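So the protein sequences, as listed, match chains A and B.
Oh and the first sequence: position 57 is 57 in our numbering, straight run, nothing missing.
Count along the second sequence from 1, then add 1000; that gives the number in our numbering.
I should point out that these hints are in silico values taken from the structure, not numbers from a laboratory.
Watch out, some of these pointers could steer you wrong.
[As the list claims (entries may be wrong)] Straight-line C-alpha distance at most 20 Å; calculated DMTMM-like pairs for lysine to aspartate or glutamate:
id	chain 1	residue 1	chain 2	residue 2
1	A	Lys96	A	Glu6
2	B	Lys1084	B	Glu1107
3	A	Lys2	B	Asp1704
4	B	Lys1775	B	Glu1189
5	A	Lys81	B	Glu1140
6	B	Lys1435	B	Asp1727
7	A	Lys81	B	Glu1128
8	B	Lys1435	B	Glu1446
9	A	Lys2	B	Asp1716
10	B	Lys1352	B	Glu1423
11	A	Lys81	B	Asp1063
12	B	Lys1350	B	Asp1397
13	A	Lys81	B	Glu1139
14	B	Lys1084	B	Glu1242
15	B	Lys1497	B	Glu1606
16	B	Lys1435	B	Glu1731
17	A	Lys90	A	Glu107
18	B	Lys1595	B	Glu1572
19	B	Lys1350	B	Glu1400
20	A	Lys81	B	Asp1137
21	B	Lys1015	B	Glu1683
22	B	Lys1302	B	Glu1173
23	A	Lys81	A	Glu111
24	B	Lys1302	B	Asp1191
25	B	Lys1015	B	Asp1682
26	A	Lys81	B	Asp1062
27	A	Lys81	B	Asp1129
28	A	Lys90	B	Asp1704
29	B	Lys1302	B	Glu1189
30	A	Lys90	A	Glu43
If you're wondering where the values come from, they're calculated on a predicted model, not measured in any experiment.
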Amino acid sequence: MKFEGEHRIAAAREVVFSALNSPDALKHAIPGCERLVKVSDTEMEATVIARVGPVKAPFSGSCTLSNVIPPQSYLLTGEGKGAASMGRCKAAVNLKADGDETLLTYEFTAEVSGKLAQIGSRLVESSARKLANDFFETFSANIVGEDLKPASAKERSASLTIIWKLAAALCALLATFWYFSGA
Amino acid sequence: MDNQRPSDRESIIGKSVPRSALRQLVHGRGRYTDDIQLPRMLELVFVRSPLAHAKIVNINIDDALRQPGIAHIFTGADIAEICKPWNGEAAHRPNLKSAPQYPLAMEQVTWQGEPIVAILAETRAQAEDAIDHVFIDFEELPAVVDPHGALEASAPLIHPDLGTNLADEQLIEAGSPDEAFNKALHVVEADFTFGRQTGVTLEPRSVIADYNSGSRSLTVYQSHQSPFQMQDLYAQNLAIDENNVRVICPDVGGAFGVKLHIYGDEVAAVASSVLTGRPVKFVADRMESFVSDTHARDHRVKARMAVSANGRIQAFEVDDLSAVGPYGHARRFSIVEGLQTITSAAAPYKFKHYRGRTRIVYQNKNMIGMYRGVGLPIACAVGEQMVDLAAAAVHMDPLEFRRQNYIDDDMYPHTTATGIHFEQLSLHQCLTQLKALMNYDELRQEQQQQRERGIYRGIGIATFIEQTAYGSRYYGPTEARVSVQEGCTLKLEPTGKVRCLTSATEQGQGTTAGIAQIVAEELGIGVDDISVIHGDSGTTPYGGGSWASRGAAMAGEAALKAARQLQSNILEVAAALLDLAPQELTLSRSRICLKHNGQSCMELEEVAKIGHFRQDQLPADLQPEFAVTRSHVPRNDVPPYYVANGVQASYLEVDTHTGIIRLLRHWAVDDCGRILNPMIVDEQVRGGIVQGIGGALLEKCHYDLQGQMLNASMADYLVPMASEMPDIHVEHVETPTRYTQLGAKGVGEAGTIGAIGVMWCAINDALRPLGAQVKEQPFTPEVILDALKQTHQ
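Bound-form chain A, shown alone (with noise of 0.2 Å):
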């Protein structure tokens, strides 16, 4: 499964990409995040119980961080097990300036096995695209308002960083594996 996705941020690059923060606040972010531990500065474990309609599904999985070329590139690895499925993905994602806001684009392929791999991309895809885009655009509200309004900006995610919550999404997709594996 392959798929690619652009969000415009109106925030400069280098306040997008500069942020870091806090596994408390992340584990805010993501839904069903029960435990986040940020095992080094590129390293997190997650245990995430996914909740799409009626099922919820539990799940572990890690990512980690390489390729880090601030302020423009990084390439995001995580995976995650269960015993019906397993899956692996990675996000490469890259930040564009154009004038004042930052063009963000990332490239997310993940190869998955065992009940999820039959349901087959289509279901998945569908819901993983849904997933992403539903992230961003609250992510990109978020930091534009971070940006704005420092001061009122909303408490659990006022200062994360975009690559943890590139981080978060990833885990949000791998929840969404979890669901269909589960299901």
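Since the structure of chain A is provided, determine the placement of chain B on it from the hints.
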């Protein structure tokens, strides 16, 4: 032999008698395995492998065991303690290699979907919830997915102990093929790719096992085609005395060969009942059916045909590569598709020089087994495509080319260069009848007119043979413990009604209705006077069950023999009561009648009553024998199958812009020997054709390079719908086999065998003026457009 009926009796054989057994199904009173509830029953679900090939490093079930409702969790090692593995080897084929297969995976997993852990809980929901709490560590291994790649020196070995991924290689050679090809004026060649498909039975595989530790007896309810095979397997592999093993097949909602096999998950369910002493139910859900029900096809074939200037086939060569998954199916083998491909391709044609080779390779995909038609659809498609190419090479009409090259009517009995023995086929008669049925000449004109308007329609013709009712000379030497006899017990009840216990089984095709017609005709009673009991290894006579189109031909013959014997026994009692000789009497309309004038002498019910309750009225030395058992197995001095034949035609339109195929009409002329019930036979042919069309156009198991099946749900695996099907016109020719008194041959696979080939021929006929040919099945719009694109390059 005598196929004649006494003329004074109304014939029931050959009539479209409605199937009384269907009434309970339309009333919603069918009883399928999943409908059965036993006290204290546990529900079983499996953790299946998410990977195609991996070592199992560790299995942790501790957390799962703590989940609500969980009764037991078993791994492969737990089950193996009480259950021996099985092996798809055949005694008479020492070169055929196969690894022992355990009910659940042991040290390694070899396909996505292989069962690893059995979870037993009070409810299915609880069992399913616990799947997420089983943790398995895998060490992923490279997967063997490509059939050619499986044979490369660098390919990982699926079973290192075998030393190779090549399961077997078989060669056939007749005449001097090399010389014939060298001398031939025209040689046509083609490559074929056959996709993987699966059976998609309406009712999934289901089993309930009930082991009684007190009596040490095992009762298994199983949605299966062969209860005696499973009885034997459970007795052998679980070491239970066979007299204490009973396998009951309740209503079965479709089988198509899928339910002929031995499945690790089903045997694990039975073993779980033995281990727990509680009834255990396993019903495959649709998603696991796709990765555990046996798959079929998956062949790469190269063929070439030499033809003379005057359109005579000189020589033929087939090179088949068949990929069969990671194990050979025990008792049924996975080499049969390949063998049938090289023995049956172009078998209806007379040529002397032949070479056939099949190589069977293992791969990390779901297992390949026997699915409706087995290798015959491949054989038909390859043979008929080559015949079309040969006809085109010499600019002959494909129908006339076939007629010219068919085995002549005076050549029977005939053994082909490929090694098949034909008792008597009706090739010419079927083709003549088909030509008239479809208005062939007019259709060709219409096709030409449409082409001039830029509309591409194709006419396909496919001749097929169907080896039905395999006998002991075929299965015996394998030492696979496959019963090829069929049996029938008839019991006359005191009211003159009859119970018929047959070893044939019923998966919805109506075989048992045909058997009732045979008994009714021989005993001069109505079909509603007969109850047919089937699918119970504890009560019916021993037999193979229903597979390979054998029900009517084999179990029907056994029923005929039993009915004739019972009639003789009834008439003996009647004769004593009437003070006449038995040979002066006959049975008709539930009465004892005088043979010479049909005059009624007494009711059958009266004879039955006296024979059961008033034996004091009979002569002292007359013992009424109102229960009779007879068996039928093909004789050892005749070929081990009865070969049926037929021809199909398809008329379709290819949209060259979208690649979509519109089916316009379909015809079949089939010869299955003596027809018991034309309505049932017609529906068997039509149903088979629809299943074949599904394979031709839609059905394919898509795998990725890691061996993951990607379309394993009904949303993405397409099956044919009634609304998409063309009218299918069916006619018959009847050439009864002389090897039995009944004369019936099989028909269950006829439609499927011809359908892929006839669609292939029709599509390529439509594309021929464009210089395009499809080489890959199923013929999806993508395949069609690819073929068209290649002509532009």
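Here's how the hints hold up against the structure:
1. A:Lys96 x A:Glu6: holds (11 Å)
2. B:Lys1084 x B:Glu1107: Given pair Lys1084 (chain B), Glu1107 (chain B) holds - Cα atoms ~16 Å apart, limit 20 Å.
3. A:Lys2 x B:Asp1704: Satisfied, since the Cα-Cα distance of roughly 14 Å is no more than 20 Å.
4. B:Lys1775 x B:Glu1189: holds (11 Å)
5. A:Lys81 x B:Glu1140: holds (13 Å)
6. B:Lys1435 x B:Asp1727: holds (17 Å)
7. A:Lys81 x B:Glu1128: holds (17 Å)
8. B:Lys1435 x B:Glu1446: Judged against 20 Å, a Cα distance of about 15 Å means the pair holds.
9. A:Lys2 x B:Asp1716: With a Cα-Cα distance of about 18 Å, the restraint between Lys2 (chain A) and Asp1716 (chain B) holds, given a limit of 20 Å.
10. B:Lys1352 x B:Glu1423: holds (18 Å)
11. A:Lys81 x B:Asp1063: Holds. Lys81 (chain A) to Asp1063 (chain B) sits at ~15 Å (cutoff 20 Å).
12. B:Lys1350 x B:Asp1397: Cα-Cα ~18 Å, so holds.
13. A:Lys81 x B:Glu1139: This hinted pair holds, its Cα atoms lying about 13 Å apart.
14. B:Lys1084 x B:Glu1242: holds (16 Å)
15. B:Lys1497 x B:Glu1606: holds (11 Å)
16. B:Lys1435 x B:Glu1731: Given that 20 Å is the threshold and the Cα spacing comes to 12 Å, the pair holds.
17. A:Lys90 x A:Glu107: Between Lys90 (chain A) and Glu107 (chain A) the Cα gap is close to 8 Å, so the pair holds against 20 Å.
18. B:Lys1595 x B:Glu1572: holds (14 Å)
19. B:Lys1350 x B:Glu1400: holds (14 Å)
20. A:Lys81 x B:Asp1137: holds (10 Å)
21. B:Lys1015 x B:Glu1683: holds (14 Å)
22. B:Lys1302 x B:Glu1173: holds (16 Å)
23. A:Lys81 x A:Glu111: Holds, at roughly 12 Å.
24. B:Lys1302 x B:Asp1191: This hinted pair holds, its Cα atoms lying about 5 Å apart.
25. B:Lys1015 x B:Asp1682: Answer holds: Lys1015 (chain B) to Asp1682 (chain B) is near 12 Å, not above 20 Å.
26. A:Lys81 x B:Asp1062: Roughly 17 Å separates the two Cα atoms, so the pair holds.
27. A:Lys81 x B:Asp1129: OK: Lys81 (chain A) and Asp1129 (chain B) at ~16 Å, within 20 Å.
28. A:Lys90 x B:Asp1704: Given that 20 Å is the threshold and the Cα spacing comes to 18 Å, the pair holds.
29. B:Lys1302 x B:Glu1189: Status holds; Cα separation ~8 Å.
30. A:Lys90 x A:Glu43: holds (14 Å)
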